[in-house]
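Given only the sequences and the hints, what does the whole structure look like? Please build it.
2 protein chains.
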Amino acid sequence: MKNRVIFIMGVSGCGKSTIGNLLSEALNIPFFDGDDYHPESNILKMSKGQALNDEDRLGWLQTLNKLAIKQLKNNSCIMVCSALKKNYRDILNDSIEDKTEWIFLHGSFEQITDRINKREGHFMPSDLLKSQFDTLEIPENAITMDVELSPDEIVNKIKNELTDKSAFGLFGLGVMGKSLCRNLANNGFKISMFNRYVEGVEENIAVNFKKDFPELSSALPFDDLLEFVTSIQKPRKIMLMVNAGKTVDIVIDDLLPHLTEGDIVIDGGNSNYNKTKERFEYLKTKNIHFIGTGVSGGEEGALKGPSIMPSGDGEAYKKVQLYLESISAKDDNNQPCCTYIGPEGSGHFVKMVHNGIEYVEMQLLAEVFSILLATGKNPDEIADVLENWKDKADSYLLNITINILQKKENNDWLVNKILDKAGNKGTGNWATIATAKLGAPSTLIASALFARYTSFYKDDRIEANKNFKTNHDMNIDISSNDLLNTYQFARIINHYQGFNLINQASKFYDWDLNLSEITRIWTAGCIIKSDLMIELVEVFKRTDSILKEETIIERIKALKPSTNKVVSHCILNELPISCLSESVNFFNGFTTENSTANLIQAQRDFFGAHTYQKIDDFSGKFYHTNWK
Amino acid sequence: MKNRVIFIMGVSGCGKSTIGNLLSEALNIPFFDGDDYHPESNILKMSKGQALNDEDRLGWLQTLNKLAIKQLKNNSCIMVCSALKKNYRDILNDSIEDKTEWIFLHGSFEQITDRINKREGHFMPSDLLKSQFDTLEIPENAITMDVELSPDEIVNKIKNELTDKSAFGLFGLGVMGKSLCRNLANNGFKISMFNRYVEGVEENIAVNFKKDFPELSSALPFDDLLEFVTSIQKPRKIMLMVNAGKTVDIVIDDLLPHLTEGDIVIDGGNSNYNKTKERFEYLKTKNIHFIGTGVSGGEEGALKGPSIMPSGDGEAYKKVQLYLESISAKDDNNQPCCTYIGPEGSGHFVKMVHNGIEYVEMQLLAEVFSILLATGKNPDEIADVLENWKDKADSYLLNITINILQKKENNDWLVNKILDKAGNKGTGNWATIATAKLGAPSTLIASALFARYTSFYKDDRIEANKNFKTNHDMNIDISSNDLLNTYQFARIINHYQGFNLINQASKFYDWDLNLSEITRIWTAGCIIKSDLMIELVEVFKRTDSILKEETIIERIKALKPSTNKVVSHCILNELPISCLSESVNFFNGFTTENSTANLIQAQRDFFGAHTYQKIDDFSGKFYHTNWK
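So the protein lines, in turn, are chains R and B.
Each number in my numbering corresponds to the 1-based position in the first sequence with 433 added.
Each number in my numbering corresponds to the 1-based position in the second sequence with 433 added.
No wet-lab data here; the hints were simulated from the structure.
Fair warning: there could be bad hints in the mix.
Same chains, same label: a pair holds when it works inside one copy or across any pair of copies.
No farther apart than 30 angstroms at their CA atoms in a straight line, the calculated lysine-lysine pairs in the BS3-like style are these [unchecked claim]:
hint, residue 1, residue 2
1, LYS708, LYS679
2, LYS503, LYS752
3, LYS518, LYS506
4, LYS752, LYS623
5, LYS717, LYS679
Spelled out as structure tokens, the structure:
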């Protein structure tokens, strides 16, 4: 148990001191009796038989609160105080609510009277006790103990309740949620796991999941939300692994009534970064911390160690750092692939761009695949070609592509049987929208997204194929090395554009993102881990644009001739290679000192009087010409 | 003056009947005295000297309202009624508020008393008049006349006020607003023109503008908003030509308090279609009609006849149809290039796509320009080449490009002196976002937008040029005819994609748009008018996809070999031609029956368990494979 102040409360005669002393011994932490800290004025009043009023109590409760704060610096402690009213408890909780536990010793008026009368030499006027019961406001969220139990029983039960609390809660047991639960448990964390109950559809999900995996033996399974929340140590850390979109808001609203100030909610789904900012600000008004985090690695990564991109309140992050970093993948230097990204929704923004880069890496492999198919190779032969590329272009996606190409079903390649309509889940779309909004041209992400969209119009494609295709002979003559160079060229442009988008967003939103750290946490655990990514960790320590790095410049120069050759050859042979083509065109545009955008400015001025600037007027003055 | 009910109101003795009779003669319309329509019960009460209460008045006022409605079917009329309270006037206005004019005869208690006493044989107890003044609620928005004037003076003044009203109001006198004002005036419409007053920056804009152009001699200039609104005939038609964005909302909120139910506000700026829908719904709650309309043609089009794309409430459109159609351009059959597009923000959506297509047409010309420059031609020689293309590829943008290329300044081509950083005004950006959101790949619009963005990074381009450019010899060998074919090919793809985006939006939002009508209103007046657009009017009567039209299919087949040659040649020679390239790649992808999107589906299933469908299972079942 971490540093905690355990308050034991209840009416006079309920046995607070007895239980407090026993629990102090059992947990080996100091015991303080609140009554020992009354000021002289209070003692005088009480000695005269006068009742204390709330004003008398204020200073005293504040003294106890200060004492609790002081003790928390060293250790846990037990503090006994009747604390009958909620506002007394609020004073005691002040600034440490996330570190207090409340034990309420509960009995009826008759039970307590009986207990007092049985004590030797004790007597309490019935009226005084009655007034205590009148004053008592039953606490919510306290561990409640029946005074009829024996002191030993009570102490044991309290011990269990206190130490049984989970360190971390996980909400939503889908593919990713389950993997993260097992990962947390494997890292020795006691967790609470929640999945909703939907009759006939989702029943006993958490309980059955726990049974399936021995590492979950100490995990607590729930389908009752209040029980789930109460089972977690304060300040609670609850990670949501639910579908991005409206569901996140619904879940937050369901959770809110059960949360305590200072609790931390973590959204681990692929949420839109704008929404994450809105939620962050909404929960701030409720004094609940919100951390939006990207999690990449798929099912396997989530289990064995994903790449994690948290953002939001930096102070709150420190409280969940241990958990997120423990379960994350480790880089080559054994450092966690998890780092605090920045404020607001920056973590989800970065994850969105991660997925955009992923879209492009996948599309480039699909285009390479189509070129190699056009040379007459079968999937196994293509896998062999790619296998040979590992020396220079190793990546997770290259590896799984080789596995995929080799996979057989009934003696035929499985890939050949898969319908060629590619799905998308929002992040590629949002990345394209972000690139348009921010004016940072990540053109390859757009190309990859649009290629998926085009693939989706399968019926139109079949009809268009009938209408347009002359059965011309393809005459593909491309060496494996030229193709590898082209692929590598396009990947460099992809990474340039993706990180440029992150960099422009960082400037626009004032996020102060660390590009090198972002590449570092993408060197392991995530879908776009690659040798190139490892190389970029060092590059981004020197520059924020990889196209300004000398080694990359030299490499590009070496790769470009092959790329020109391959792309032009494919176009002559009518192979669709949007992403490879665009990598060349973007680069050619980006390296053009004087472009023909001057004509566009002239046209805009001609028809819309939009004005233009001149190359030889550095004042930035705007001109308008009467062109006719 | 159109059909109107002119109510003359005021306390007893103010001269309502006198003025009413004179005005009836002057305007040659019937006169009704309200007092003639009291029911027997009221007459009885009055004859006994008892005052009427509001209940007594209700039926009577409703009778007058019905009489007014009946009269409106034939003509205008004058109706006299004291109508001292606002709720009496509301009953009289019921369902005809947009067709009533109110004249208030105003005088002080002393003035009226004096008038009555001077009348022969008349006497009115002072108490009764006093109670009328107590009851009187001064009307807003009424034409107010001082009873001290002579009846002839009053009648003349009223006549002027009534017939002086404008038919149409234009708010915002920027480049486009001014051109539209002159266009409206040239078409014989009496208009009110408003521009705000900003000290030292925008002073007397409307007054000075009126002075500059003789056609505006009967136009009314304003910088006071209430005076502007009041000067327009009800239901008022007010067109906003202000900057898209927040300004539109501010202007609407400024206008609202002065508007009357049934008034029509037209937003003629390049507003976002989603915002137009929101504003439409907001104003509906205030019973104000809202029409969002695209207006294309630039400064000159706005003056001589633009293409106009209105949407919103179809019934409200009928009330502004005369004005918008009159000022619009006319097509080859002399039909107006203005048509009701559809509900909600569909007009602004269509205008947004218009601008997207325009972005591409401009970018294609810029790419053609760069290729011809690379062949060593100067702008005059390039203009000559383009001049020869008019036979096959005539368009407004081609023509202005020729003018631009020929324009000299100090014996040098002006285009050479223009800074090559292309601006954008939102619509290209929104079209790209729409294409991403709707999953309708208008890839060329995105390419053209991104080319402008890339042009904007001039400093980075200069640095990249230094770092990367080997001074390789360009060896461009492209015939003018091959280049023309490539240009034409890309333009067809551009038009295919643009109209596909409109078509997908029409289906998604249930707008039921008419593609043929949209092309028709784009055959004149607008920036993208062209011979190709004229051809598409007929094509879209037969199909909603131009790539399914036989003549287009044959043309594409004929153009494609040149296109393959030119694009691949440019890529080999490192010329940036994003749009031309993408036109080829999109087409190649779109005509591919079996794409390698199957690999992407396999990858998604491998790392994310996203599942896939199979080509031989038409049930649409989803499969998941354990790939390792």
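Taking the hints in turn, this is what the structure says about them:
{"no.": "1", "hint": "LYS708 to LYS679", "result": "both (10 angstroms within a copy, 22 angstroms between copies)"}
{"no.": "2", "hint": "LYS503 to LYS752", "result": "within (20 angstroms within a copy, 77 angstroms between copies)"}
{"no.": "3", "hint": "LYS518 to LYS506", "result": "within (27 angstroms within a copy, 75 angstroms between copies)"}
{"no.": "4", "hint": "LYS752 to LYS623", "result": "within (16 angstroms within a copy, 71 angstroms between copies)"}
{"no.": "5", "hint": "LYS717 to LYS679", "result": "both (19 angstroms within a copy, 28 angstroms between copies)"}
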